[in-house]
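Peer 1: For reference, the chains in residue letters:
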Amino acid sequence: MALIETKDLTKIYELGWNKKVIGLNQVNLQIEEGEIFGILGPNGSGKTTCLKLLLGVLFPTSGEALIMGKGPLDVNMKKHVGFLPENPYYYDYLTGPELLKFYGRLFDLSPAEINNRTARLLEMVGLAGAKRLSLRHYSKGMLERIGLAASLINDPKILVLDEPTTGLDPIGCKETRDLLLQLNQQGKTILLSSHFLSEVERVCSRIAIFHRGNLIEQGTLKELIGQYQANTLEDLFVKSIEKFDQQHPA
Amino acid sequence: MKKSWIIALNTFHESLRKKTLYIVLVFGLVVIGASRLFSFLTAQEELKMIQDVSFSAIEFFGALIAIFGSLGAISSEIEKRTIYTLLSKPITRPHFVIGKFIGQKLILLINFVLLCLFFIGLLLFKKSMPNVEIFKALFLIYVELLLISSITLALATFTSDAFNIIFSFFLYIVGHLTSYGRQLLERTENIILKGLGDMLYTLVPNYENFAIRDKVVVGVPVSWQYVGKTTAYGIIYIVIAILIGIYFFQKREV
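Protein sequences, first through last, are from chains S and D. In this text, residue positions in the first sequence follow the numbering used here: the first is 94, and each later residue adds one. In this text, residue positions in the second sequence follow the numbering used here: the first is 111, and each later residue adds one.
Here chain D stands alone, though its shape is the one from the complex (with noise of 0.2 Å):
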């Protein structure tokens, strides 16, 4: 563990000098920011319309920064050559995969920290001391980006850039879409219809569970079981990418 832990900082540090991140975070700011633009409503309307683009941004911009960040941590080790002298020291491809796979949540979970931090001076700003249900909404938030950036990171031990960015927006779209689907199809009685998008709803993570901001932005409170089930629900298939990263690695050469 301590060898993907030094892989890990290197990685963070490696990430702070990319430029793309930054941009996205600055936009992400700005569309937070321009929630307060719709001053002319209700103190009341106004406050939801902040929490629920400031959510939608946080959720929008860190998936960005999720698929960015992690897209190229181990193709531009390849590119670059510098993994042939990693991989001389003694280190095993497992200790790799994870270091990177620590490293880009670090460099996640800075940006997500920045955009939250902008978000709750933005409420305090209105007036508004933000209540638990909002911390429980950033946090699924948050454990839904983990997912995202570990799924990219799978994805990218075993294929292309380009492969990797549309797959990644491709799985991002189809999990939010996935609870729609399967309404569809309960309405169908094709079997193999049925079966696939069975077999569908299991594989792709459904991101619609992380998604409690309608709930929280009209005051429905989202129980402490619900957020516990959401969490263990992410950590799964975060877990499982990780297995599906190092498998593949293991295999690649470089």
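Bound-form chain S, shown alone (with noise of 0.2 Å):
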């Protein structure tokens, strides 16, 4: 049984008065315990729908998005994912340790385990120095890796990233890249939704690409360069769109 997974997963948006718009189109993905699966795609073509109607932010219009064989809404599910949202928000008058203990608190974790767990991942994405400042004086890339800290509190199963290296510079991406290669060698599943083909070609063993809420391609990179007959993951990438838009003028 595959670790994530979705059935004909639909989700379309209504905008007003009988405007209509696709957001994501009978997607089926697989995704098997162990992997780093990457979720490619221009913008707007529904890869950060597809993470929030995993997670239970968005209902889907039709199909099922299960996690470890369960709904999005099931509370014992959620205590194996970890969630690191597209330039994440967080409340701007907590340090970074409190709002990793708040985080730490919905996960039923002792006060013990959350002091423990806080100073390892403080360290581990290089915030050991920032204890005292209030996060509204983070940068973009210290919230991204405060983000990534809170991501992994529970210690999940999954991890679930959108982007997780906007804002980050070339060394932040680097340690970024290395620590989810790192967490994914300690047995974690990641699913990452990124436009940085570079990164997910470093990291992912399969890829989907998505486009106009469909998902047109997915499999290894290998097969999927192979059946292009692509030299590089850009060159696939441009040319399973391109495909795409000739089978299905928008």
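These are calculated hints, taken from the structure and not from any lab test. It should be emphasised that the depicted structure is a prediction, and the values quoted were computed from it without experimental measurement. You may find that some hints are simply not true.
Claimed, not checked - To be clear about the criterion: a stretch of chain D counts as covered by chain S if any three or more of its residues have a C-beta under 8 Å from a C-beta of chain S, and this derived list gives those stretches: (1) 122-128; (2) 223-235.
As the list claims (entries may be wrong) - In silico lysine to aspartate or glutamate, DMTMM-like type, Cα no more than 25 Å apart, as pairs: (3) K112/D - D248/S; (4) K112/S - E363/D; (5) K233/S - D201/S; (6) K361/D - E107/S; (7) K361/D - E157/S; (8) K113/S - E363/D; (9) K194/S - E216/S; (10) K112/D - D201/S; (11) K113/S - D101/S; (12) K100/S - E157/S; (13) K163/S - D201/S; (14) K128/D - D248/S; (15) K129/D - D185/S; (16) K190/D - E107/S; (17) K325/D - E155/D; (18) K233/S - E189/D.
Using N, Cα and C, we set each Cβ at its ideal position, and we do this for glycine too.
Can you join these two chains into the complex? Each is in its own frame, and there are hints to help.
Peer 2: As structure tokens, then:
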């Protein structure tokens, strides 16, 4: 059984009187345990919609989204999931440790566990020196790092990351990539959405390409590059989107 | 319940940062303090005036704090997108709504207690020991404020801030006028108008039920039975407001 699965997952946004936009169109994804799975796609292709549906922030128009065989609103399932949203915003009057404590308490962690994990995670994301700084004084990159730490407070089996390197400098990007590979080696399954092709190329074992709400391709990088006779991921990305546009004119 | 309490404490800390609430609180304290200006009256009349002005100020400024405090409790989480992270944690949407309700009630309690302490301090300064009737009046004002805050928060789960603020103030005013409206409608023979009036009287909480201050100021005692009944009346509306809030937020996409 796949760890993360969507079955004909569809989301249609109703934008007022008789105006509808397809956010996601009958998407079928299967992500196995231990994978780093990358979702690629241009802006507005449905990547974030897919993640929000998996986490129960949005409700599907039809179809199913399952994590560990459970629906998105299952509280027990959520105990095993860590989530980093795109451009994360947090309660800006809290400090980094206070934020982790707040989220840790929602996972029923004991105060001792929270303290241990907070110290370790802040060290891991390079924010140990900013313990007393409130989040309103954080830079974009620091917010991304504290977001990553917050997504790991429950030591999750599954990590869902939406554009995890947005706002990070090249060194921050590399550190995050290394961290993702390290977390994957520890057994965590990672689902990440990104439009940084090089990032996906370096860390993901399988990828899916989304375009105009449709899942147009999924497989290993090697399979897809062979299928499209592409030279690079960028080449594959462009060719797959062009092919879809030719077959399905807007 | 534990998860709701964690969210409530976070909401409480967040509200403590809102400057609007402090401004309203300071205005309330100033108005209560200004009631001392009636020192040209006889001692007995001055005390009545202090009580009257203070009860009105506590209720009015308390209502402002209840409405403004509850107004952005949910919309700010959505606008700032903090809700995405929160809902991905092992909590249910009812946990979130109940947490927000409790958090707002805590902030309201702190502000209310400060206003009351100032009022009682003023009475003691005038060498007048507050009697139990004053505490009954204050208690019912607090129940009224809880209800106002609950209604605003329930509306916040499915309406915009602009609509919410207008509707909450509208309900606050109408809620104080329903008794008069009913008396007027009793004189009409139009069945439809009478029916509509009865429906409105049932749907909109009658805030005048909580206003026993006029009696307290002139020294008319209010029974504990009345206080108990009115509290139960308020609690019923509060529970309905919470349930409405939960119902709509469970359907809301954020």
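Peer 1: With reference to the structure, classify each hint as holding or not holding.
Peer 2: Here is how each hint holds up against the structure:
1. Interface restraint, the segment 122-128 of chain D with chain S: holds (3 residues with C-beta to C-beta distance below 8 Å; minimum three).
2. Counting residues of the segment 223-235 of chain D whose beta carbon lies closer than 8 Å to any beta carbon of chain S gives 0, which falls below the threshold of three, so the coverage claim is violated.
3. Proximity of K112/D to D248/S is assessed by CA-CA distance (about 21 Å); at most 25 Å being required, the pair is judged to hold.
4. A threshold of 25 Å between alpha carbons decides the hint, and for K112/S with E363/D the separation of about 17 Å falls inside it, so the pair holds.
5. Straight-line distance between C-alpha atoms of K233/S and D201/S comes to about 29 Å, which puts the hinted pair past the 25 Å bound.
6. For a cut-off of 25 Å, the pair hint linking K361/D to E107/S stands: about 14 Å separates their Cα positions.
7. Taking the CA atoms of K361/D and E157/S, the gap is near 17 Å; set against the 25 Å cutoff, the hint holds.
8. Taking the CA atoms of K113/S and E363/D, the gap is about 16 Å. The hint holds against a cut of 25 Å.
9. About 15 Å separates the Cα atoms of K194/S and E216/S, which keeps this hinted pair within 25 Å; it holds.
10. At most 25 Å may separate the alpha-carbon atoms for a hinted pair to count; K112/D and D201/S meet this at roughly 9 Å.
11. A hinted pair counts as satisfied when its Cα atoms are at most 25 Å apart, and K113/S with D101/S qualifies at roughly 18 Å.
12. Taken as a hint, the K100/S and E157/S pair is honoured in the structure, with Cα atoms around 5 Å apart against an allowance of 25 Å.
13. The straight-line distance between the Cα atoms of K163/S and D201/S is roughly 20 Å, inside the 25 Å bound, and the hint therefore holds.
14. With a CA separation close to 34 Å, the supplied pair K128/D and D248/S exceeds the 25 Å bound.
15. Using a Cα cut-off of 25 Å, the hinted pair K129/D and D185/S holds, with the two alpha carbons roughly 15 Å apart.
16. The hinted pair formed by K190/D and E107/S meets the criterion: a straight-line CA distance of about 22 Å does not exceed 25 Å.
17. A hinted pair counts as satisfied when its Cα atoms are at most 25 Å apart, and K325/D with E155/D qualifies at roughly 15 Å.
18. A hinted pair counts as satisfied when its Cα atoms are at most 25 Å apart, and K233/S with E189/D qualifies at roughly 18 Å.
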